[in-house]
Amino acid sequence: MNIPVEIQVVIPQEKGKLSPNTIVSFRGHLDRIDQKLTLVADEVFDGEKGDDVSTVKEKYDKDPNREKVSVAGRLISFRDQGKAAFGHIQDADGKIQIYMKMDILGEDRYKEIMEIIDVGDIVGVRGELFRTMTGELTVEVHDIELLAKSLRVLPEKWHGLKDVEQRYRHRYLDLIANKKARDIFKIRSKAIKSLREFLDSRGFMEVETPILQSVASGAIARPFITHHNALDIDMFLRIAPELYLKMLVVGGFNRVYEIGRNFRNEGIDSTHNPEFTMVEFYAAYLDYNDLMELTEELMRKILLDTVGTLNITWEGQELDFSKPFRRVRFFDALKDKTGKEKDFFLNEDNARRFAVEVGIPKAESLTHSKLLDKLFEHFIEEDLIQPTFVIDFPKVLSPLAKTHREDPDLVERFELIINKQEIANAYTELNEPDEQRERFFQQLRERELGDEEAMEIDENFLMALEYGLPPTAGEGIGIDRLVMMLTDSSSIREVILFPTLRPEKE
RNA sequence: GUGCCCAUAGCUCAGCUGGUAGAGCAACGGACUCUUAAUCCGUGGGUCGCGGGUUCGACUCCCGCUGGGCACACCA
Numbered sequence: 002m003n004i005p006v007e008i009q010v011v012i013p014q015e016k017g018k019l020s021p022n023t024i025v026s027f028r029g030h031l032d033r034i035d036q037k038l039t040l041v042a043d044e045v046f047d048g049e050k051g052d053d054v055s056t057v058k059e060k061y062d063k064d065p066n067r068e069k070v071s072v073a074g075r076l077i078s079f080r081d082q083g084k085a086a087f088g089h090i091q092d093a094d095g096k097i098q099i100y101m102k103m104d105i106l107g108e109d110r111y112k113e114i115m116e117i118i119d120v121g122d123i124v125g126v127r128g129e130l131f132r133t134m135t136g137e138l139t140v141e142v143h144d145i146e147l148l149a150k151s152l153r154v155l156p157e158k159w160h161g162l163k164d165v166e167q168r169y170r171h172r173y174l175d176l177i178a179n180k181k182a183r184d185i186f187k188i189r190s191k192a193i194k195s196l197r198e199f200l201d202s203r204g205f206m207e208v209e210t211p212i213l214q215s216v217a218s219g220a221i222a223r224p225f226i227t228h229h230n231a232l233d234i235d236m237f238l239r240i241a242p243e244l245y246l247k248m249l250v251v252g253g254f255n256r257v258y259e260i261g262r263n264f265r266n267e268g269i270d271s272t273h274n275p276e277f278t279m280v281e282f283y284a285a286y287l288d289y290n291d292l293m294e295l296t297e298e299l300m301r302k303i304l305l306d307t308v309g310t311l312n313i314t315w316e317g318q319e320l321d322f323s324k325p326f327r328r329v330r331f332f333d334a335l336k337d338k339t340g341k342e343k344d345f346f347l348n349e350d351n352a353r354r355f356a357v358e359v360g361i362p363k364a365e366s367l368t369h370s371k372l373l374d375k376l377f378e379h380f381i382e383e384d385l386i387q388p389t390f391v392i393d394f395p396k397v398l399s400p401l402a403k404t405h406r407e408d409p410d411l412v413e414r415f416e417l418i419i420n421k422q423e424i425a426n427a428y429t430e431l432n433e434p435d436e437q438r439e440r441f442f443q444q445l446r447e448r449e450l451g452d453e454e455a456m457e458i459d460e461n462f463l464m465a466l467e468y469g470l471p472p473t474a475g476e477g478i479g480i481d482r483l484v485m486m487l488t489d490s491s492s493i494r495e496v497i498l499f500p501t502l503r504p505e506k507e
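In the numbering used here, the protein residues as written are 2 to 507.
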């Protein structure tokens, strides 16, 4: 099966972007060697003995003789020296040098290979391992196959691919060219694996709940709206799985968790992507104090499993996870900064006047809960670098959390703040149906006051509570932000393989 | 959504107060049997994001648009 000559010319032109001259600059020699590309489409690399690069390297460490290996990957560099040539092939975990020699391959085969193979191609090689004079582990190639042709030229080897737009739109190029990008997503995968291990080992059961929902509740955010044709109803992409997970606890699954995508129709910036990954987990018969302990253990495990240390640097801040996390009450922290007591802020007029004074934007028109939220961000969050639990939030801010056992103005809730960012949010769950209904009505009033994001009433959930939700504690952790922390990334787009971008126009 | 900044060869980038575009790498041809940012000789490659305007003349100045980045706003 030959690659027809037309491919080099016709296909790129149809895409409308590339001039014929540009195509020739890609692989200008292909039209001349067309007849020789007989392997490309049909040949399948004999994967039986094929290893990835890291396996080959391990193999050699165990047996430092001329081990026979077969390995496949992308040819990322090539140094032709006439009757011998060196190159490197790469996969996600590493690269290994290959050495081709005319004496070994035979003159005809060697010349053919030199003509067919280009940097960027996927090749499979068989041969024996040895070390070069400089000591580099290398495959002496006894046979090489072209497994897939790269018609386009790879990004530059030295500077890599820097243009962020291209890195996001063509992430595969980023992954080929930039080790840092590969490392980030490997850590992301390890972090999620570690998280699963942790929760599984604590008796949690992984579940899946609807992403298409007819009421978008469980968090405070604007939803994406879509339409189901057969049912002829509008539906929402979930903004949180919370209510469904609690219904499962009602059903007797006492420990459940879900790792999945949430969708919020809000702005995009360095810490917000419209779709993002959260884990939410719920445990019957625990309270928020238990969850704080659990969270510390979880964070430490994930750190050790991914980066192998409890001391990391994020955006220039040195973070220490080895000591017990600090705990500070919401209104104590606020008092430290402002000198004003809880009762002052719980008066809406006071809170508003104060917010206006300190320059909170639009403070005149915000609802009481929004005001408190802004004051929290302004005075407390901005100041917290080391892992800190802010605990005991005002009730108006937390429609799904249980009232504090010692203070009816507060709820049993904590947020874990690290380097000014909210990483986790948890509370003892409100399990009294009457009070939950009343809190939903309060949200409805907020909505009427112009807060479009106030939570919606979910009657199904209320009915479930009426059957009895055991005392339960629940928590949500933003995986993307956690991975940002683990990889010292300053933008959420660096830790999402394909971040949301505006489509290119033609 | 608002403000500021950015868009030049496949990639990374130069290009002064307006005079018709350059480098390195890559590509293509050639030389070279332990190279590794290989080296050496040679060649080609551009709708300067898109559309208007000013001008004898625009990559350059002005306006609009598109895409992106940062900050703010928004968003637990």
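Since the hints were made in silico from the structure, they are not lab data. It is possible that some hints are incorrect.
Label-pair distances were calculated between CB atoms; the ranges are [what the hints assert, rightly or not]:
1. Lys336 - Asn266: 31 to 41 Å
2. Glu166 - Gly107: 28 to 38 Å
3. Val120 - His229: 23 to 33 Å
Okay, derived cross-link-like pairs now, EDC-like style, lysine to aspartate or glutamate, Cα gap no bigger than 16 Å in a straight line [said to hold, decoys possible]:
4. Lys150 - Glu113
5. Lys375 - Asp452
6. Lys343 - Glu407
7. Lys102 - Asp122
8. Lys60 - Glu113
9. Lys180 - Asp452
10. Lys191 - Glu349
11. Lys69 - Glu141
12. Lys343 - Asp408
13. Lys421 - Asp321
14. Lys180 - Asp94
15. Lys343 - Asp410
16. Lys338 - Asp374
17. Lys338 - Asp410
18. Lys181 - Glu198
19. Lys302 - Glu198
20. Lys421 - Glu316
21. Lys96 - Asp122
22. Lys336 - Asp306
23. Lys375 - Glu349
24. Lys375 - Glu358
25. Lys112 - Asp144
26. Lys96 - Glu141
27. Lys363 - Asp350
28. Lys191 - Asp306
29. Lys187 - Asp92
30. Lys338 - Asp306
31. Lys180 - Asp92
32. Lys58 - Asp94
33. Lys421 - Asp384
34. Lys69 - Asp92
Just so it is clear, CB atoms sit at the ideal spot from N, CA and C, and this is done for glycine as well.
Quickly compare the C-alpha distance for Lys375 and Glu349 to 16 Å and report which way the hint goes. Distance of about 13 Å is within 16 Å: holds.
Pairwise hint evaluation, Asp122 against Lys102, where the allowed Cα distance is 16 Å at most: Cα-Cα ~19 Å, so violated.
Below or equal to 16 Å on CA atoms is what counts here, so check Lys343 against Glu407. holds (14 Å)
Can the restraint linking Lys69 and Asp92 be considered satisfied, given a maximum Cα separation of 16 Å? Measuring from Cα to Cα gives roughly 19 Å; hence the hint is violated.
Cβ separation of Glu166 and Gly107, checked against the hinted range 28 to 38 Å: Taking Cβ atoms as reference, Glu166 and Gly107 lie about 47 Å apart, which means the hint is violated.
Distance restraint between Lys191 and Glu349, which requires alpha-carbon spacing of 16 Å or less: Given that 16 Å is the threshold and the Cα spacing comes to 46 Å, the pair is violated.
Straight-line alpha-carbon gap Lys363 to Asp350, limit 16 Å: Satisfied, since the Cα-Cα distance of roughly 14 Å is no more than 16 Å.
Given the hint that Lys375 pairs with Asp452, does the C-alpha gap stay at or below 16 Å? holds (14 Å)
So if I understand the rule, the pair passes when the alpha-carbon distance is 16 Å or less; does Lys187 with Asp92 pass? holds (13 Å)
Do the alpha carbons of Lys69 and Glu141 lie within 16 Å of each other, as the hint requires? With a Cα-Cα distance of about 9 Å, the restraint between Lys69 and Glu141 holds, given a limit of 16 Å.
Take a quick look at whether Lys191 and Asp306 sit within 16 Å of each other, Cα to Cα. holds (7 Å)
Does Asp321 lie within 16 Å of Lys421 when you go C-alpha to C-alpha? Measuring from Cα to Cα gives roughly 14 Å; hence the hint holds.
Checked against the numbered hints above, the structure breaks hints 2, 3, 7, 8, 9, 10, 17, 18, 22, 30 and 34 and satisfies the rest.
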